[in-house]
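Undergrad: The primary structure of each chain is shown beneath.
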Amino acid sequence: MNSIFRSKKAQSAVEKTAEIVFTVCAFFAVLAVLSITVYMFMNGTPALAEVGITEILFGSIWKPTASEPSFGIAWVILTSIVGTTLAILLGVPIGVLTAVFLAETAPPKLAAVVKPAIELLAGIPSVIYGLLGILLLCPAMYSLEQKIFKGSETHQFTGGANLISAVLVLAIMILPTVINISESALRAVPASLKSASYGLGASKIQTIFKVTIPAAKSGIISAIVLGVGRAIGEAMAISLVSGSSVNSPLPFNSVRFLTTAIVSEMGYASGLHRQMLFTIGLVLFIFIMIINLSLTRILKGGNKDD
Amino acid sequence: MTEIAATPYTAAVCENSTASIYNKKFRLSDFILSGLINLSAAFAILLLIGIMGYVFFRGLPQISVEFLTTVPSTLKGTFGIAGNILNTIYIILITLLIATPLGVGSAIYLNEYAKPGKLVRIIEFTTETLSGIPSIIFGLFGMVFFGNVLGYSILTGALTLTLMILPLITRNTQEALKTVPMSYRSGALGIGATKWYMIRTILLPSAMPGIITGVILAIGRIVGESAALLFTAGSGFLLPKTAAGLFKKIFESGGTLTIQLYLCMSKAQYDAAFGIAAVLLIIVLFINFLTKVLSSKFDVSKID
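These protein sequence lines are chains U and Z, in that order.
0 is the number of the first residue of the first sequence in numbering that gives the first Met the number 0; add one for each residue after it.
0 is the number of the first residue of the second sequence in numbering that gives the first Met the number 0; add one for each residue after it.
These aren't lab readings, by the way, just hints derived from the structure by calculation.
Ideal Cβ placement from N, Cα and C applies to all residues, glycine included.
Honestly, I wouldn't trust all of these hints.
Stated by the list, open to error - As a list, the in silico PhoX-like pairs of lysine-lysine whose alpha-carbon atoms are at most 20 Å apart:
#	chain 1	residue 1	chain 2	residue 2
1	Z	75	Z	240
2	U	15	Z	114
3	U	108	Z	291
4	Z	117	U	299
5	Z	291	U	114
6	Z	177	Z	114
7	U	216	U	193
8	U	15	Z	194
9	U	209	Z	24
10	U	193	U	209
11	Z	177	Z	194
12	U	216	U	299
13	Z	177	Z	296
14	Z	194	Z	114
15	U	114	Z	296
To be verified - Computed footprint of chain Z on chain U; a stretch qualifies when at least three of its residues, placed anywhere within it, have a C-beta under 8 Å from a C-beta of chain Z:
#	stretch
16	12 to 23
17	99 to 110
18	118 to 127
19	285 to 296
Generate coordinates for the entire structure from the input sequences, incorporating the hints supplied.
TA: Pasting the structure below:
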């Protein structure tokens with residue numbers, strides 16, 4: 000019966016290999032993030048050096064294919080910021096209130112129907128949102144535009160593909176994210192807090208808005224931050240409903256977001272223009288990294304409170 | 000809902016009678032806020048019904064045998080999405096083939112081998128980061144990293160998507176591993192099983208439903224993905240003609256259903272676009288149904 004010793008040795012080799020293989024797998028994510036970061040900077044910086052960082056970030060004229068090209072992306076960056084902010088302002092209240100409905104006020108049977116519906120909403124491919132945006136939102140926007148700017152000579156008609164259409168699509172697309180995360184935050188609020196509030200004579204609604212929501216604050220904030228990340232990174236849904244020229248982010252202007260500039264121009268861009276699109280990608284990447292870092296901060300802070 | 004004194008009847012009682020502790024006080028702010036809550040929820044539901052209804056209303060009439068089994072050809076005068084369906088299946092298979100072992104392995108390391116510390120925090124942070132990166136960035140990265148070598152091809156697209164769905168599979172596997180009771184582990188190790196043997200025969204089978212759920216969710220993401228594929232997998236729509244072509248297809252450009260939908264949209268071929276959209280929604284519904292069934296049937300934590 001000396002076999003257990005031998006088999007132990009053979010087994011330990013297998014054990015070692017298994018451990019090494021799993022470790023390598025785990026480091027794959029680190030490797031991926033590192034190489035994405037390196038490649039984004041490698042491809043995004045050459046244009047910065049060539050055109051000049053101030054001209055790119057603060058120039059407002061985007062004419063990449065003109066004989067004397069100009070590469071100012073100030074409006075593009077501003078459009079992404081304004082568009083995301085508006086989408087958040089619209090989507091977050093609806094999302095948080097729906098989360099309140101699911102977690103607090105809805106009868107369980109109704110909640111059991113609403114919750115899967117929200118999950119389904121999250122699964123719908125973004126191009127479908129874009130398709131519906133073009134066919135339903137844009138015509139409505141166009142008739143609105145014709146009414147408002149009737150007789151105006153300075154206004155460029157966009158056919159309904161404008162900032163408002165894009166913001167509406169974005170606001171709808173961040174709903175499932177905001178609802179799901181806010182709901183679990185609201186559900187995690189201890190029942191004792193609510194009971195205390197009821198005991199003091201507060202009504203259900205008062206308890207929700209004065210006790211439950213403030214107690215779930217860190218979770219709701221992370222829902223908002225994730226919503227920001229989703230809105231700023233969305234490309235395909237808004238690429239056809241936001242218009243096709245670079246303009247200041249006014250409601251009825253045809254605008255370009257950071258993402259839509261890349262999607263619609265990468266197909267034919269070459270040389271410096273192509274490098275510039277990577278610079279736009281780099282700007283977007285930096286935005287996303289800031290959002291990710293602040294999210295981890297918030298989650299850490301939230302854990303300390305517990 | 001019944002606790003909210005929001006009906007006109009109680010309101011009237013409050014105004015007429017002298018204050019009584021048995022009558023709930025009517026608060027206008029409560030009434031408005033609960034109205035807003037119900038309105039928001041109704042909006043979310045109507046939105047889903049509206050989207051589904053409109054897409055099926057416009058899309059279902061487009062779906063026919065010809066639509067599903069032919070490729071676009073001006074010569075034969077056909078328009079179909081068979082090529083795109085095949086491309087989608089290719090990309091799903093190749094992506095999962097690479098991403099599932101990596102993701103499951105990573106989860107096993109994090110849950111079973113790693114000691115809590117800086118290293119684990121770094122790996123978990125990067126996994127989080129990876130899931131927060133928007134797909135257009137993956138598209139740009141895939142285009143210069145894999146695309147420089149492989150060009151526009153199904154393989155380029157699949158490799159790019161591997162990075163994208165890796166966090167999804169890792170996290171789902173991790174969650175599943177966490178629900179396996181500690182006693183299973185100590186039981187197996189106590190009767191002399193080695194760690195790898197314990198993982199292989201006890202942990203992985205117990206965690207299988209969670210892993211499968213992760214894989215199905217990943218399929219959903221791949222089917223719906225477009226921005227990351229536009230500049231990596233390209234937009235080819237033809238079917239391979241020979242058996243060798245079936246293999247060679249991996250190195251050729253191939254657009255998935257979403258890409259074809261996007262192209263139809265930008266060419267204003269809305270009927271075809273709605274046909275594809277309806278097909279996509281049916282797939283999404285099916286995937287959703289599948290995850291529901293799986294997570295309710297094989298919930299390890301509920302069996303115990």
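Undergrad: Next, verify each hint and record whether it holds.
TA: Here's how the hints hold up against the structure:
no., hint, verdict
1, 75(Z) / 240(Z), "holds, 16 Å"
2, 15(U) / 114(Z), "holds, 16 Å"
3, 108(U) / 291(Z), "holds, 17 Å"
4, 117(Z) / 299(U), "holds, 15 Å"
5, 291(Z) / 114(U), "holds, 12 Å"
6, 177(Z) / 114(Z), "holds, 15 Å"
7, 216(U) / 193(U), "holds, 15 Å"
8, 15(U) / 194(Z), "holds, 10 Å"
9, 209(U) / 24(Z), "holds, 18 Å"
10, 193(U) / 209(U), "holds, 10 Å"
11, 177(Z) / 194(Z), "holds, 16 Å"
12, 216(U) / 299(U), "holds, 13 Å"
13, 177(Z) / 296(Z), "holds, 18 Å"
14, 194(Z) / 114(Z), "holds, 15 Å"
15, 114(U) / 296(Z), "holds, 19 Å"
16, 12 to 23, "holds (count 8)"
17, 99 to 110, "holds (count 6)"
18, 118 to 127, "holds (count 9)"
19, 285 to 296, "holds (count 6)"
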